[in-house]
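Novice: Between the sequences and the hints, there should be enough to build the whole structure, so can you do that?
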Amino acid sequence: QVQLVESGGGVVQPGRSLRLSCAASGFTFSRYGMHWVRQAPGEGLEWIAVTSSDGRLKYYADSVKGRFTISRDNSRNTLSLQMNSLRAEDTAVYYCAKEFSDYTGFDYWGQGTLVTVSS
Amino acid sequence: QSALTQPASVSGSPGQSITISCTGTSSDVGGHNYVSWYQQHPGKAPKLMIYDVTSRPSGVSSRFSGSKSGNTASLTISGLQAEDEADYYCSSYTSSRIYFFGSGTKVTVL
Numbered sequence: 080q081v082q083l084v085e086s087g088g089g090v091v092q093p094g095r096s097l098r099l100s101c102a103a104s105g106f107t108f109s110r111y112g113m114h115w116v117r118q119a120p121g122e123g124l125e126w127i128a129v130t131s132s133d134g135r136l137k138y139y140a141d142s143v144k145g146r147f148t149i150s151r152d153n154s155r156n157t158l159s160l161q162m163n164s165l166r167a168e169d170t171a172v173y174y175c176a177k178e179f180s181d182y183t184g185f186d187y188w189g190q191g192t193l194v195t196v197s198s
Numbered sequence: 148q149s150a151l152t153q154p155a156s157v158s159g160s161p162g163q164s165i166t167i168s169c170t171g172t173s174s175d176v177g178g179h180n181y182v183s184w185y186q187q188h189p190g191k192a193p194k195l196m197i198y199d200v201t202s203r204p205s206g207v208s209s210r211f212s213g214s215k216s217g218n219t220a221s222l223t224i225s226g227l228q229a230e231d232e233a234d235y236y237c238s239s240y241t242s243s244r245i246y247f248f249g250s251g252t253k254v255t256v257l
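Chains A and B supply the protein sequences, listed in that same order. Using our numbering, you'd call the opening residue of the first sequence number 80 and step up by one each time. Using our numbering, you'd call the opening residue of the second sequence number 148 and step up by one each time.
No lab work stands behind these hints, which were simulated from the structure alone. None of the values given here were measured: they were computed from a predicted structure. Take the hints with a grain of salt, since some may be wrong.
Claimed, not checked - Stretch-level coverage of chain A by chain B, calculated; a stretch enters the list once three of its residues show a Cβ under 8 Å from a Cβ in chain B: (1) 123-133; (2) 138-146; (3) 187-195.
Note that beta-carbon positions come from the ideal geometry of N, C-alpha and C, so glycine has one too.
Specialist: Right, dumping it as structure tokens:
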């Protein structure tokens, strides 16, 4: 069965960096676009980044553009999110999500990893 | 960039039907058929309920249906059940090749 397992969350000071990972299994990872979506405590979902199946195309929400970098390693079935210059407003649960098909939505989600940005 | 607009809350009695709206623009909801809907129970990851405006993934109850008119998409839950009480989010692909989520709707079963 499809599994997505995020890791790397924790408490970090403003301005510092953190790298999240998502280990994928149960499907052919290299065939699907992959996304990061976050949810601040008590708030709604916010889409933040996507990488195409081959990793060549990447798009970001304005709120993280220039600070966050999405990447993937298809040989290791791993998705990553490098987060730099973190701000208090980046505090959220970060989910990785598998694309159902091109542009159609996200059919599998991880359990999420909590990132807290605080001094 | 801004989230798609959803009502903050919708409620209904068991057995009734409710509809949740999701309003965007011609650059997102109105520009193509890549609208999806998600159900999220407290403390859980979201679950895909509808994709491509009207399609249901395998395993999702036929009580859930989607539609779209112009810049507004809708999710209808028929035969409301206690287990349907959750937060619901719409999402749309956009002409800028990014995605938006809706602001979220809390569904309460009375």
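Novice: All hints are to be evaluated individually against the structure, with a verdict given for each.
Specialist: Hint check results:
no.	hint	in the structure
1	123-133	holds (count 5)
2	138-146	holds (count 5)
3	187-195	holds (count 4)
Taken one by one, the earlier hints all hold for this structure without exception.
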